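Undergrad: Sequence:
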Amino acid sequence: MGRTLIKAKYIITCNKTFDILRKAAIAFEDGIITYVGTEDKIPFSTSYFDEILVEEEGIAIPGLINAHTHAAMNLFRGVCDDLPLKEWLEKKIWPLESKLESEDLLYGNLAAFLEMLSTGTTTFADFYYFNELIDALKIIPLRAIATVAFLDLVPDGEIYWKRFSELKKYFELANSVEGGLVKVALGPHAIYTCSRQLLEKIVEVSEKYRLPVHMHVSETVDEIKFAKEKFGKTAIEYLDDIGILNERMIAAHCIHLDENDIRILGDRRVNCVHCPSSNLKLADGIMPVSRLLKANVNVCLGTDGAASANSLNIFNEMRNTVLLQRGVNLDPTFPNAREALLMATIDGAKALGLEETVGSIEVGKKADIVLLDGRSPRLLPEHNLVSNIVYSCTPADILYTIVNGKALYRRGKFSNIDADKILEIFSGRALKLLSA
1325 MGRTLIKAKY IITCNKTFDI LRKAAIAFED GIITYVGTED KIPFSTSYFD EILVEEEGIA
1385 IPGLINAHTH AAMNLFRGVC DDLPLKEWLE KKIWPLESKL ESEDLLYGNL AAFLEMLSTG
1445 TTTFADFYYF NELIDALKII PLRAIATVAF LDLVPDGEIY WKRFSELKKY FELANSVEGG
1505 LVKVALGPHA IYTCSRQLLE KIVEVSEKYR LPVHMHVSET VDEIKFAKEK FGKTAIEYLD
1565 DIGILNERMI AAHCIHLDEN DIRILGDRRV NCVHCPSSNL KLADGIMPVS RLLKANVNVC
1625 LGTDGAASAN SLNIFNEMRN TVLLQRGVNL DPTFPNAREA LLMATIDGAK ALGLEETVGS
1685 IEVGKKADIV LLDGRSPRLL PEHNLVSNIV YSCTPADILY TIVNGKALYR RGKFSNIDAD
1745 KILEIFSGRA LKLLSA
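Counting in our numbering, the sequence shown runs from 1325 upward without gaps.
Rather than coming from a laboratory, the hints here were simulated on the basis of the structure.
Do not rely on the hints blindly, as some may be mistaken.
[As the list claims (entries may be wrong)] Below 25 Å or equal to it, Euclidean Cα-Cα: the simulated SDA-like pairs (lysine to any residue) are:
#  : residue 1 : residue 2
1  : Lys1415   : Gly1481
2  : Lys1674   : Gln1521
3  : Lys1331   : Thr1362
4  : Lys1730   : Pro1367
5  : Lys1416   : Ser1751
6  : Lys1493   : Ser1426
7  : Lys1730   : Leu1345
8  : Lys1347   : Tyr1334
9  : Lys1340   : Glu1363
10 : Lys1486   : Glu1496
11 : Lys1416   : Tyr1516
12 : Lys1756   : Asp1742
13 : Lys1674   : Ala1619
14 : Lys1549   : Leu1407
15 : Lys1557   : Gly1609
16 : Lys1674   : Asp1343
17 : Lys1532   : Lys1605
18 : Lys1331   : Glu1363
19 : Lys1347   : Gly1326
20 : Lys1605   : Trp1418
21 : Lys1549   : Leu1413
22 : Lys1492   : Gln1521
23 : Lys1423   : Pro1367
24 : Lys1532   : Gly1677
25 : Lys1549   : Pro1479
26 : Lys1605   : Asn1644
27 : Lys1333   : Lys1605
28 : Lys1423   : Pro1408
29 : Lys1618   : Phe1658
30 : Lys1549   : Ile1586
31 : Lys1674   : Leu1345
32 : Lys1340   : Pro1367
33 : Lys1756   : Ser1426
34 : Lys1552   : Leu1522
35 : Lys1618   : Val1652
36 : Lys1554   : Val1478
37 : Lys1525   : Lys1554
38 : Lys1618   : Asn1653
39 : Lys1605   : Pro1659
Fair warning: this is a prediction, and the values are worked out from it, not measured in the lab.
All chains should be built: construct the whole structure from the sequences, respecting the hints.
TA: Pasting the structure below:
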């Protein structure tokens, strides 16, 4: 990968002290950051570097982290827009998924990766088809948490139990992507699709291998009604009784929570993933982000799949997060733009168990970096850079998206990727799938 130097007008580090550096530089070698500081103190000569990117008006931020998505569900974007989640899944999505072929999923993933790169996402946690995700990551190498899905309260649900004995295969597949970019998570779908016995097995295996658990939690009113009728408890209380709630839990949605639920999530150090666009579109509700943050819960951001959110753009989720909480709570101070940016970067890294690797621009971390165009009218004037980024930034403002030291997206072009061919095949397969 060689040695690269970036010179920018600003670097927003998202480190513990939220340092914002002016007339600054980032150096990295073989994907590892070796210097972050001002231009005048770079400890290397220019001849040391294989590439120097000079953006005199550039703004560098950490690569964004999408902590919950279903990448290849972009195949169903716009297919069923106006249904509640249960009907959306049972009448539309699951029947369509039964027709999916491996090529559909491969190109769905590749098209999703193009969308992520062009919107500044460098790391994502996926909950969909594992094998085809790995195949796609070998072609376009983003950083990913690949989730092995489990659900046994469905037809042929017993096949998912076999996956416990096949974990070695999943580890090997993840390791087959160069650069150590992929980690494995266990994915019990939800309390209404997983038996207690399955969830208890997930706890056992997660503990044995120290694996994250990625799960849909407290997403709808129907789910809470199901939990109370079947278990006499809320979904959170039921999961806590099983022992699955801890710092390795990536709990997507977490919308319908009472005060005891919030206390439990804080006590167990659970990571909650807010997917505001999807939750609004499906009329699921709104995560009580402000209350969770005040209970010291780690809240991060996700898009969910493009079949429900219609977009994989984390900038949308940052903005929606702040505006929704202010509208619901009538509090114009909390959360703020800085907190939203942290949710999309270091807090997402914490949720995925990657906080020592990515999520901030610091020496020793991986070079996952997004460079924004500070000359964009949306990012001017410079009264408040973070406010501009969270409330105004669009994909058009992205100059570079760098993953593991490689600039995969440069000024509107994808590096060494035939995007036109990918999108042509993706579109054709998606249309064929719907006409079948």
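Undergrad: Could you run down the list of hints and mark each one as holding or not?
TA: Tested hints:
1. For the hint linking Lys1415 to Gly1481, the alpha-carbon distance of about 19 Å falls within 25 Å, and the restraint holds.
2. Between Lys1674 and Gln1521 the CA atoms are separated by roughly 28 Å; this puts the pair beyond 25 Å, and the hint is violated.
3. This hinted pair checks out: Lys1331 and Thr1362 have alpha carbons roughly 9 Å apart, not beyond 25 Å.
4. Distance check on the hinted pair: Lys1730 and Pro1367 sit about 22 Å apart at the alpha-carbon level, within 25 Å; holds.
5. For the given pair, Lys1416 sits about 19 Å from Ser1751 by alpha-carbon distance, which is consistent with the 25 Å threshold.
6. Restraint check for Lys1493 and Ser1426: satisfied, since their Cα atoms lie roughly 18 Å apart, inside the 25 Å limit.
7. Simply put, Lys1730 and Leu1345 have alpha-carbon atoms about 23 Å apart, close enough for the 25 Å limit, and the pair holds.
8. With a CA separation close to 6 Å, the supplied pair Lys1347 and Tyr1334 stays within the 25 Å bound.
9. A C-alpha spacing of about 22 Å is found between Lys1340 and Glu1363, which places the hinted pair at or below 25 Å, so the restraint holds.
10. Between Lys1486 and Glu1496 the alpha-carbon distance is near 17 Å, which keeps this suggested pair within the 25 Å criterion.
11. Proximity of Lys1416 to Tyr1516 is assessed by CA-CA distance (about 18 Å); at most 25 Å being required, the pair is judged to hold.
12. At roughly 22 Å between alpha-carbon atoms, Lys1756 and Asp1742 fall within 25 Å of each other, so this suggested pair holds.
13. For the proposed pair Lys1674 and Ala1619, the alpha carbon gap of about 17 Å is at most 25 Å, so the pair holds.
14. The straight-line distance between the Cα atoms of Lys1549 and Leu1407 is roughly 19 Å, inside the 25 Å bound, and the hint therefore holds.
15. Restraint check for Lys1557 and Gly1609: satisfied, since their Cα atoms lie roughly 20 Å apart, inside the 25 Å limit.
16. At roughly 19 Å between alpha-carbon atoms, Lys1674 and Asp1343 fall within 25 Å of each other, so this suggested pair holds.
17. Proximity of Lys1532 to Lys1605 is assessed by CA-CA distance (about 38 Å); at most 25 Å being required, the pair is judged violated.
18. A distance of roughly 7 Å separates the Cα atoms of Lys1331 and Glu1363; the hinted pair therefore holds under the 25 Å criterion.
19. A distance of roughly 23 Å separates the Cα atoms of Lys1347 and Gly1326; the hinted pair therefore holds under the 25 Å criterion.
20. Between the alpha carbons of Lys1605 and Trp1418 the distance comes to roughly 19 Å, so the proposed pair stays at or under 25 Å and holds.
21. Between Lys1549 and Leu1413 the alpha-carbon distance is near 18 Å, which keeps this suggested pair within the 25 Å criterion.
22. Between Lys1492 and Gln1521, the direct Cα distance comes to roughly 22 Å. Compliance with the 25 Å bound is thereby established for this hinted pair.
23. Proximity of Lys1423 to Pro1367 is assessed by CA-CA distance (about 56 Å); at most 25 Å being required, the pair is judged violated.
24. For the proposed pair Lys1532 and Gly1677, the alpha carbon gap of about 16 Å is at most 25 Å, so the pair holds.
25. Of the supplied pair hints, the one linking Lys1549 and Pro1479 holds, its CA atoms being roughly 23 Å apart against a limit of 25 Å.
26. For the hint linking Lys1605 to Asn1644, the alpha-carbon distance of about 12 Å falls within 25 Å, and the restraint holds.
27. In summary, the hint linking Lys1333 to Lys1605 is not supported, as the alpha carbons are separated by about 38 Å, beyond the 25 Å threshold.
28. Of the supplied pair hints, the one linking Lys1423 and Pro1408 holds, its CA atoms being roughly 22 Å apart against a limit of 25 Å.
29. At roughly 10 Å between alpha-carbon atoms, Lys1618 and Phe1658 fall within 25 Å of each other, so this suggested pair holds.
30. Proximity of Lys1549 to Ile1586 is assessed by CA-CA distance (about 18 Å); at most 25 Å being required, the pair is judged to hold.
31. This hinted pair checks out: Lys1674 and Leu1345 have alpha carbons roughly 23 Å apart, not beyond 25 Å.
32. Of the supplied pair hints, the one linking Lys1340 and Pro1367 holds, its CA atoms being roughly 23 Å apart against a limit of 25 Å.
33. Our distance criterion of 25 Å between C-alpha atoms is met by Lys1756 and Ser1426, whose separation comes to about 14 Å.
34. The straight-line distance between the Cα atoms of Lys1552 and Leu1522 is roughly 19 Å, inside the 25 Å bound, and the hint therefore holds.
35. Under the criterion of a C-alpha separation no larger than 25 Å, the hint pairing Lys1618 with Val1652 is consistent with the structure, at around 16 Å.
36. Restraint check for Lys1554 and Val1478: the C-alpha separation of about 17 Å stays at or below 25 Å, so the hint holds.
37. Of the pairs offered as hints, the one joining Lys1525 and Lys1554 holds, with about 20 Å between alpha carbons and a cut-off of 25 Å not exceeded.
38. Our distance criterion of 25 Å between C-alpha atoms is met by Lys1618 and Asn1653, whose separation comes to about 13 Å.
39. Of the supplied pair hints, the one linking Lys1605 and Pro1659 holds, its CA atoms being roughly 22 Å apart against a limit of 25 Å.
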